[in-house]
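Asks: Note that the protein sequences, when read in sequence, are chains A and B.
Numbering-wise (my numbering), the first sequence opens with residue 4 and increments by one.
Numbering-wise (my numbering), the second sequence opens with residue 4 and increments by one.
There is no bait here: all hints are sound.
Pairs count within a copy or across copies, as identical chains cannot be separated in the list.
In the DSBU-like style, the derived pairs of lysine-lysine whose C-alpha atoms are separated by at most 35 angstroms in a straight line are:
#: 1; residue 1: K123; residue 2: K199
#: 2; residue 1: K193; residue 2: K250
#: 3; residue 1: K199; residue 2: K250
#: 4; residue 1: K281; residue 2: K250
Derived by calculation from the structure, the hints in this document are not laboratory data.
2 protein chains.
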Amino acid sequence: VSAEIVLALDAMGGDHAPDMVLKGATIARERHSGLRFLLFGDSGRLGALLVQYPGLRDRAEVRHAEVAIAADERPSQALRRGRQSSMRLAIEAVRDGAASGVVSAGNTGALMAMSKVVLKMLPGIDRPAIAGFFPTMRGESVMLDLGANVECDADNLVQFAVMGAAFARTVLGIPRPTVGLLNVGEEELKGNDVVKEAARMLRRDDLPLEFFGFIEGNDIPMGTTDVVVTDGFTGNVALKTAEGTAKLFGAFVSAAFRRSMFSRLGMVLASGALQALKQRLDPRLHNGGVLLGLNGISVKSHGASDGAAFATAIGLAADLAMDDVGARITEDYHRFGGIAEPRQAVVS
Amino acid sequence: VSAEIVLALDAMGGDHAPDMVLKGATIARERHSGLRFLLFGDSGRLGALLVQYPGLRDRAEVRHAEVAIAADERPSQALRRGRQSSMRLAIEAVRDGAASGVVSAGNTGALMAMSKVVLKMLPGIDRPAIAGFFPTMRGESVMLDLGANVECDADNLVQFAVMGAAFARTVLGIPRPTVGLLNVGEEELKGNDVVKEAARMLRRDDLPLEFFGFIEGNDIPMGTTDVVVTDGFTGNVALKTAEGTAKLFGAFVSAAFRRSMFSRLGMVLASGALQALKQRLDPRLHNGGVLLGLNGISVKSHGASDGAAFATAIGLAADLAMDDVGARITEDYHRFGGIAEPRQAVVS
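Isolated chain A, as found in the complex (with noise of 0.2 angstroms):
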């Protein structure tokens, strides 16, 4: 990577900041040579911070903001008080052009609510949704909504599935995704009113994706489709559960490992192997959720995040950046407008 690409950090914004926010940035400038950062918080702590960083200082600019929005403030507490907040000002680069994303390991629903009112929606979405990636069998999905809408209709569905479709081809590089809405199973009669509503909507043939029909919590890890469409509270419980059991499933391995002599010897064999494997499911290298619908990029970093899951969010802005996601989401609305309002195409 070679152009030119400036970030907002809200240096901020979660549990290890501000320095997991600059070791972070450190690390994606090794990877991207062309990346810059304005860096938002604590303009004195910033400063003094930076100096234990010498390969930043001159790709990094910090920007005082007087306020730092707390784990537990409720999104629209954030939204009055926030104005000079870190995450407030950071959003607020990208909608004047001076970044072209931001990033933050802060407060979701606060970054979720002021992204939406500074950047806006795209035309024809009503609210964004969390994106992130799933390890699978076969690489790697894209899940959404993980956590943004609690309650979603059918239209909410359907918007989700254009936007992750969009999303899949411009990260993961696939022509025509394929898009599974999540059920509790896979007959047509099965499931809630919403979810049958959104896949009988899905069906219309001129989407730019491939519908796939009803999918089970077993087909995310499967990797059975490209895109796993589902309400943000299902969502954000199937993500963590995942997570929850793959730790598991790892202490269920070493436990097992330390169960005999032999098993020990096996362990010290296979150190390469095993280190490969927990490389491969280690979260920060899948962390990221980015916020699709927006008229903007903005990547949510885990609030855990240290300094290796910061960078990878980073990477996520970075590329995402460059293809240009929201162009994406825009022009496959254009080319098939009106789905948001089934009404109005029965009408006409």
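With chain A fixed as given, assemble chain B onto it according to the hints.
Replies: Frame of chain A, contents of chain B only:
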């Protein structure tokens, strides 16, 4: 186990029925010496098959049923056309006192609908829920609903909590089980209206359970609470996501070990440990969903069950029959009656 227990088996339900039903009964019989079976299904076929299972012949009695419910049949259709089905007649054997419980690997929706119609609900419970076990860091947890009710209100979730706690007391032997309500975050303000209202109701201090509060997806495999309560849509997705993730992880481990000569040798040395791990995670050992809230014991075995899996489900039904979990749930409801009708409680 020496006490005599009779179970009714739907011998025609499941992908591998009736063969695996007889296999499962044979395995279960070796573990519980007091077990006897009523086998419902095609008497010609079952009689011929039974010859191959000499250990079962004097412990099992064939009861002819004309009809077998198909896996994709609608519950309403199964109710109408299935009066002479193996499933229905097996459930009726429980109602009539000929058997202490029924086990089926057939159509879940049909089993639920028929069990509800034939056995009726316990006083105070509106709908049956499917409960099952999860392996966790701390041992095992109970989770419900695993797919019976795709849409739930707060009353339903509270009833699930009480039933799940009674179930955990009976089967896991925990005097005062902790109950967690699955949500997208632990904070009070997160989630949809249904879980918020259910949490408010569960905070009453006269309930026969320890309400932990909200938990997230990763808390399920962590074993944060003894009981996990959620609606059937989310519960089904979470269960299947966990199953699929365990399978994905297993495939990754196998692939890692095949990477080099060293790691292959390591695998040979650790084969005992890996075998033990495989057994620990064997889904067949966690098979069996209990339809809670009914006036009788009805256990759902996985549709793809083999003999080993079906034997686990039979064992579960036998345990429940001995412990009389229904009486426990009813007793709990009497002890704190009225939780299911919060409006009444407010008026009086």
